[in-house]
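First to last, the protein sequences are chains A and B. Numbers given in our numbering equal positions in the first sequence, counted from 1, plus 1153. Numbers given in our numbering equal positions in the second sequence, counted from 1, plus 60.
Don't take every hint at face value.
What the hints assert, rightly or not - Per label pair, the in silico range of CB-to-CB distance:
#1 A:Val1236 to B:Glu246: 40 to 48 angstroms
#2 A:Pro1297 to B:Asp314: 31 to 39 angstroms
#3 A:Thr1252 to B:Lys136: 51 to 59 angstroms
#4 A:Arg1159 to B:Glu243: 49 to 57 angstroms
#5 A:Val1236 to B:Ala68: 39 to 47 angstroms
Since the hints were derived computationally from the structure, they do not count as laboratory data. Built from N, CA and C at the ideal position, the CB exists for glycine as well.
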Amino acid sequence: MPRNVRRAAFFLAVLGAWQATHLWGPWPSYLLPGPVQVADALWYGFADGTFLIGIGVSLRRLLLGYSFSLFFGTLIGVVLGRVRWVDETVGSLMLGLQTLPSICWLPLAIIWFGLNEKAIQFVVVMGAILAIAIHTSDGVKNIPPIYVRAGRNLGARGWRLLVGVILPAAPPSVLTGAKLGWSFAWRSLMAAELLFVSLGLGQLLMVGRELNDIAQVMAVMLVIIALGLIVDNFVFGRLERRMRRVWGLASALPGRPRGRRA
Amino acid sequence: MAEPVRSAPKLTIRGVEKTFVNRQGSVSALGPIDVDVLDGEFVCFVGPSGCGKTTLLNIVAGLEEPEAGEVVFEGKPIRGPGPDRIVLFQELGLFPWMTVLGNVEFGLRLRGVGRRARRRTAIHYLQMVHLTGFQGSYVHELSGGMKQRVALARALAMDPIMLLMDEPFGALDAQTRDMLHQELQEICSRTRKTILFVTHNVREAACLADRIITLTRRPGRIKREFVVGIPRPRQIEDPDVGHLAAQVREELRDEIEAVLEEERRRAKER
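This is chain A alone, in the form it adopts within the complex:
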């Protein structure tokens, strides 16, 4: 596996450069801790449970806000995609709102809901729901009409047509929306958690800053990166691979080929 070797060598080199800068660079070591200190902070963070609590709190918020957004965003997207006058009115409003970084909703949210869970959830939802709705509506608009005709012909109408034909016929775009919604939700959540006391990973970053404990800050950043990678690979990566295989797009794209067993 020369590719993996290459990659491993690269990351080792990065670690080495980091360690070298830490030892011999112009900055004092409390401003730029080395990999060893960060690994230590990581270890202690997990050992005393603070990181676990942080991960738990943040993920719980994310899952609540995201599943809410996924459900209602998909619903709104389907309506936008199927009903022209709603698209012309509500659709343009949503496109406009989507240009607003969702963290800009935080001041409003704090005034409306107070410094609490609801305010954070609101920001997460505003981050995710618009992207999901807009992509779902794109997907629904671009379904080849033959699928809808075939579905109606076989007796599907209303709700059954929606769930049985329209949504599954639109997956490339719907999946992009879901993925984008997830990353927007994740980013909004971190921003919101940084801005007020909240127990999550964002707050752990701020605690590190207040204590001037840069090793902890970096350790938390690593945790955040790891969570993002895990979700991307194991949830969305898997869904995408499955979709490509089912739709016959596999051969056109890089990645391990997954032959079907006969």
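Add chain B to chain A, keeping to what the hints say.
For chain B alone, kept in the frame of chain A given last:
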């Protein structure tokens, strides 16, 4: 196929007309058309491209509405699509996110057929079109002819009273088409469905139909009817089939030439 029982027609098309709106204004696309179709009859519509054949099928299917006239099916006017009239679309409309089995079971599931019965029916029809062993495949893994047969199995599994076939074999190579003609004739004689079949291939029409109806260029009207008395099973290369096809082609010649002429003129104007 034996001579169908002479009774009230299964399907009555009366004064059906359709117009389309485009940049130049509204264009009359079809009709008026009157046709009676008997129970168990195999009727082929043949006509130049753009004569509204597909539109006619879609109207019978209930997927489009005529501007004038009405279609009566089993004594009731048609309102909307129904599983008693299943279309085999030119583009097939197989669902790529489902396996072959999922596609064939789709309509049965909507109808509320239980899991076991559904599976049994689907496998029965997949056997009928010689696709046993491909239940778990996805649509993109199949060849053109196989997809065609999946679509046929999906339509037959609904046990419709009427099959509406829109140039179903147009995109296939000659060998596959011949084979499917044989299979279709066999299935017809076994299931005795009433079939409306649209094609521009006159040989195909002569090979399959009990009755061939030629249509004029747009707006499509009935030009002439041929009752086909050639005994079954027929082969596409039978001399009788060829002879009849030549007659039908002769009947259509000036229509097709007129269409070509108009296309040439429109190309020049542009």
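Results of checking the hints against the structure:
1. Between valine 1236 of chain A and glutamate 246 of chain B the Cβ separation comes to about 46 angstroms, which falls inside the hinted range of 40 to 48 angstroms.
2. A beta carbon spacing of about 36 angstroms between proline 1297 of chain A and aspartate 314 of chain B agrees with the range 31 to 39 angstroms that was offered as a hint.
3. Checked against the given bound of 51 to 59 angstroms, the beta carbons of threonine 1252 of chain A and lysine 136 of chain B, roughly 53 angstroms apart, stay inside it.
4. The beta-carbon spacing between arginine 1159 of chain A and glutamate 243 of chain B, approximately 55 angstroms, falls within the hinted interval of 49 to 57 angstroms.
5. Taking the beta carbon of each, valine 1236 of chain A and alanine 68 of chain B are about 42 angstroms apart, inside 39 to 47 angstroms as hinted.
The structure is consistent with each of the numbered hints, conforming to all of them.
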